[in-house]
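*Asks:* Residue numbers (my numbering): 1188 to 1264.
In short, the hints are calculated from the structure, not lab data.
Simulated crosslink set (DSS-like; lysine-lysine; CA at most 25 Å straight-line):
hint, residue 1, residue 2
1, 1253, 1264
2, 1221, 1232
3, 1209, 1199
4, 1232, 1253
5, 1195, 1209
6, 1195, 1210
7, 1210, 1221
8, 1199, 1210
9, 1221, 1209
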Amino acid sequence: MAKSKLVKANEKIAEGVTAGYKKIEESVVDGYRKIEEGAVEGFGKITDRFVEGFLTRDGESVEDAKARLREQQRKEK
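Work out the full structure: start from the sequences and follow the hints.
*Replies:* Here it is, written out as structure tokens:
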């Protein structure tokens, strides 16, 4: 059976709306991911500076201090 012009027009509109929605969804999700990555990166920098300034021992790197603190915390549990 041949489709009527109304059905074809309706399908074309539906495809356009769906494509537009997907573009909007992708841009919103990409924006959220960028914000999230920035927040996580910023938090990491802050924690590194805190550990470096207050929790490292003489000659100890930030990574070593974090590993030592994790081990201490694990032992306490």
